[in-house]
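**Q** At position 170 of the sequence shown (counting the first as 1) the number is 170 in the numbering used here, and the numbers step up by one without a gap.
Just so you know, not all the hints are guaranteed correct.
[Said to hold, decoys possible] Derived CB-CB ranges, DEER-like:
id, residue 1, residue 2, range
1, Y100, A148, 15 to 23 Å
2, A125, G31, 37 to 45 Å
3, R76, K155, 38 to 46 Å
If you are wondering where the hints come from, they were derived from the structure by calculation, not from laboratory data. All residues carry an ideal CB built from backbone N, CA and C; glycine is no exception.
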Amino acid sequence: LGAVGIANLWLRNASLAGPGLVSAAGREMTGLIGLGQEEEARRVQNMALSGEWIWTAVAALALLLGSACYHEPLIRYGLWLCALALLLQKGCAMYANAAYARQQFAFQADANAVQKIAAPLIVLALIVSLGGYAIYLAAILSAALTLAWYGKRGKPLGFAFRFEAAELRARV
Numbered sequence: 001l002g003a004v005g006i007a008n009l010w011l012r013n014a015s016l017a018g019p020g021l022v023s024a025a026g027r028e029m030t031g032l033i034g035l036g037q038e039e040e041a042r043r044v045q046n047m048a049l050s051g052e053w054i055w056t057a058v059a060a061l062a063l064l065l066g067s068a069c070y071h072e073p074l075i076r077y078g079l080w081l082c083a084l085a086l087l088l089q090k091g092c093a094m095y096a097n098a099a100y101a102r103q104q105f106a107f108q109a110d111a112n113a114v115q116k117i118a119a120p121l122i123v124l125a126l127i128v129s130l131g132g133y134a135i136y137l138a139a140i141l142s143a144a145l146t147l148a149w150y151g152k153r154g155k156p157l158g159f160a161f162r163f164e165a166a167e168l169r170a171r172v
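Just need the whole structure built from these sequences, with the hints factored in.
**A** Rendered as C-alpha cells:
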C-alpha cells in the first residue's frame with residue numbers, strides 16, 4: 001500500500017496548502033452574526049468560499065498534472081481520484097465552517113459522524129474487490145454522503161459565487 005500512501009500524501013499536502021480564507025471568514029462571520037449583520041456575514045462567507053474554491057481547483061489540477069509523473073496505475077489513477085476527493089472534502093469543510101459560524105453544533109456533530117463512520121465501512125466493503133482503490137473511493141464516497149447530508153438536513157446558508165479580487169488580495 002505504499003502507492004496509496006504516496007497519493008494520499010499528495011492529497012494531504014494539497015488540502016493543507018490553501019490560503020485559509022474560509023477559516024478566517026468563519027471567525028469574522030461569527031462576530032458579524034453576533035452583531036446582527038447577517039447580510040455582511042453572508043457576503044464575507046461567499047467571498048471567502050469563492051477564493052477558496054479557486055484555490056482548490058488549482059490544487060486539484062496540480063494533482064491531475066502530478067499523476068503524469070507516475071507510471072504505477074494505483075498512483076496515477078489514485079491521484080485522479082484524490083483530485084475528486086479534494087474537491088468533495090473541501091466542500092464539506094466549507095459547509096462545516098459556515099454551519100459552525102451559525103452555531104449549528106448538533107447538526108455539525110451528526111454530519112461529522114456520518115463522514116467518520118462511512119469511510120471505514122466503505123473500505124471494509126470494497127477492499128477485497130478493489131484493493132487499494134477502496135481507500136480512495138472511501139474518501140470520495142464518505143465526503144459525498146456528508147455533502148448529501150448537508151443538502152438534505154442542513155439549513156440553507158446562501159452560498160453564491162462572489163469574486164472580489166481586491167478583498168481577497170487583502171485577506172491573503
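**Q** Can you tell me whether the CB distance of R76 to K155 sits inside 38 to 46 Å?
**A** 40 Å, holds
**Q** Regarding A125 and G31, is the given constraint of 37 to 45 Å on their beta-carbon distance met?
**A** 44 Å, holds
**Q** Is the distance from the Cβ of Y100 to the Cβ of A148 consistent with 15 to 23 Å?
**A** 19 Å, holds
When the structure is compared with the earlier hints, no violation turns up for any of them.
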